[in-house]
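All chains, full assembly: derive it from the sequences and hints.
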Amino acid sequence: MRRVLTLLLALGLGFAQGDKLKACFIYVGPVGDAGWTYAHDLGRKKAEAALPWLETRYVESVPEAQALPVIDRFVREGCQVIFATSFGYGEAVLEAAKKYPNVIFAHATGVKRAPNVATYMADFYQVYYLNGLAAGALSKTGKVGYVAAFPIPEVKRHINAFALGVRAVNPKAQVLVRWINAWYDPAKAREATEALLAQGADVFAFTEDTPTVIQTAARKGAYSFGHYTPMLKFAPDHVVSGQIVHWEVIYIDFLKKVKEGVYTPKNLQNVDYFWLLQHGAVEMGADYGVPINPKHVPLLQKAKLAVGGKEVAVYDRIMTLLKDMQSPKPTFDPFTGPIRDRKGVVRIPAGKKASLEELLTMEWAAPGVVGDWPGEPK
Amino acid sequence: MRLELDPAPSLGKVALAYAAFLLLALFLLALLFLAYGVSPWRAFAVFLSPLTDPLGLSEVARRAIPLLLIGAGLAFAFRVGFFNIGAEGQLLLGAVGGAYAALFLPPGPWTLFLMFLLGGLLGALWGGVAAWLKVRFGASEILTTLMQNYLAYYLVVYLVAGPWKGQLVFGFLYTDRFPPWAHLPRLGDTLVHWPTLLLGVGAALALQVLLFRTPLGFALRVLGENPAAARYLGLPVGRLLLWVGGVSGALAGLAGVGEVAGIHHRLLEPAQISLGYGFTAILAAWLARGRPLWVLLTAFLLGLVLAGGDALKLAFSMPFRVVDVVSGLFLLALIGAEALSRHRVIWRR
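Heads up: the sequence lines are chains S and Y, in that order.
Mind the numbering: the first sequence is residues 1 to 378 in the numbering used here, read in order.
Mind the numbering: the second sequence is residues 1001 to 1349 in the numbering used here, read in order.
Treat the hints with care, as some may be off.
Here are the simulated EDC-like pairs of lysine to aspartate or glutamate, each with C-alpha atoms no more than 16 Å apart in a straight line [as the list claims (entries may be wrong)]: (1) S:Lys-99 to Y:Asp-1189; (2) Y:Lys-1165 to S:Glu-376; (3) S:Lys-98 to Y:Asp-1189; (4) S:Lys-343 to S:Asp-372; (5) S:Lys-353 to S:Asp-372.
Keep in mind that the hints were calculated from the coordinates and are not lab data.
Shown next, in the form of structure tokens:
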């Protein structure tokens, strides 16, 4: 009898653990959004293709307040690693992590960790700066539009980097910001774009999970920069460049380390991925391998900016910096002092780079940013 | 050939109508699952899986709680001829009242009581406004309650984006977390906030007794069957309607308090607070045929449809729109069956 029980137990454990590692993904939007969630899902698929021992599941369009029941079900279905891909899942993840101490959680863009909760982010701020250089060179009105999701540090950091780039080329340019308070809302994005067009903006960047801004801007002949995934196809004559993410780089690294036993549900307290150009987690481009739309290269070669007293073509400047920041030891960083905010307060002293902490908690607005800025420090 | 109302459908006919429509829905769904590349049998098993384990049952119960509270109130209101389509808005106002008590009144053991009191009152007020407009000006309550939903929706958006926006929420649109006094107890590890569930069961029982075992209930039913007769009888029609609007609004308000105090622990964007319970509950009430007690059954049935849809999403990584089609087809089948069983076909002229 005991032997039978032991056998059953062994079988049960065998089934429970299986040969495959089961990783499950919670998405905040639909996988077809062409933005944030689509990019995560692409990363999931690529990780699954690259790692033969990996099995994945996902559930899309989970409201942030409903994450906990979804995690409950995932754990019951045998998920060993759960990726929660929205900042708003934070509290649910931490609560679930206490409830399931043997499950590994990873929270994208999160700030709070626990022994079994890691955080990860593929950040674009360097790319935004480079796109800002191009935007500054292309704008004829000196007004660049930015359709922004939520006024949180991540989005503010990106707008600031973008504005610093714009101002590096055209010191008088303005970046007009409109908040739509949604990650995924094509209707609001279109409204905001039209309002910015009416205000005179002729180049656009944005944080929203659809190509709506690009399409709306292109109809009026305005340039734009893609966000999250290659968006060249949505307006081949007007998409100049953009930010492209490679979540699979992080997913594959993380899951390999889980499989090898480097990461366990006990030692993730300090595991935080903040991966940039140098790790290959992000790319500058209108499409994969196309840093700048060839149609716009001549314009950017004609435009000049002063670097250290010398006239340099904007195109060359972008390419030099891109190469530098992609190298293992970058020397350039957009947030290198002296940088004042738009009220004149020194935020980064001369000769210093913003620390990771400063990047993650950035609330100030860069010079040239125009518009409402919730949470702006006095 | 024509259709006419069947005042007293036989049990056999009702059963047959339901069986036929459910089979039709299952058949269409089987085609859908096949097209999606999933075995229909496995899909149906997953859809019903919430019934087979405690965690699944708790998910059904969690969805059923607001449906039960609101549905009981609506079944009552529909029976009296007050077609309240505004439960969603009344729920939101209840959540606002609850959040106010939780965030701005001195916390203590009385906090939960105050939350339910204030939430219920605001819900009652919101339902009462529509009733008053109907009594005073003859405004159709279907339109007024529907429009009031939007007012409530934008009131919540205004509050969470403006004056009540939290200090610790990084620009997101919600309030700070409620203090611990404002958290409803839950069953073990689940999200089933049982005090609200008890309130719902109590409300269904009480309204059933009121409607069928008291003189007041008789008066209300007369009003529902024939308003003109009620007036001739000298019933205080206006006061009765105000009362009904208030009661159904109050119950929706309590459901709203339950959602914020039991699950979210904060006031947040309206679409995240309720997941459309105020509208789904209309169906629960309609299927209950004006008997508040029956909502005990229909609320859990609809809870299963919602929880089963979630199970499908997770098990097969199905797109949420496909899952919405699944829930939608089931709901349509229920409506069709109910409509068929209430009518009969007359073959001769």
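Tested hints:
The hinted pair formed by Lys-99 (chain S) and Asp-1189 (chain Y) meets the criterion: a straight-line CA distance of about 8 Å does not exceed 16 Å. Our distance criterion of 16 Å between C-alpha atoms is met by Lys-1165 (chain Y) and Glu-376 (chain S), whose separation comes to about 15 Å. For the given pair, Lys-98 (chain S) sits about 11 Å from Asp-1189 (chain Y) by alpha-carbon distance, which is consistent with the 16 Å threshold. Restraint check: the Cα-Cα separation between Lys-343 (chain S) and Asp-372 (chain S) comes to about 13 Å, which is no more than 16 Å; the hinted pair holds.
For the hint linking Lys-353 (chain S) to Asp-372 (chain S), the alpha-carbon distance of about 27 Å lies beyond 16 Å, and the restraint is violated.
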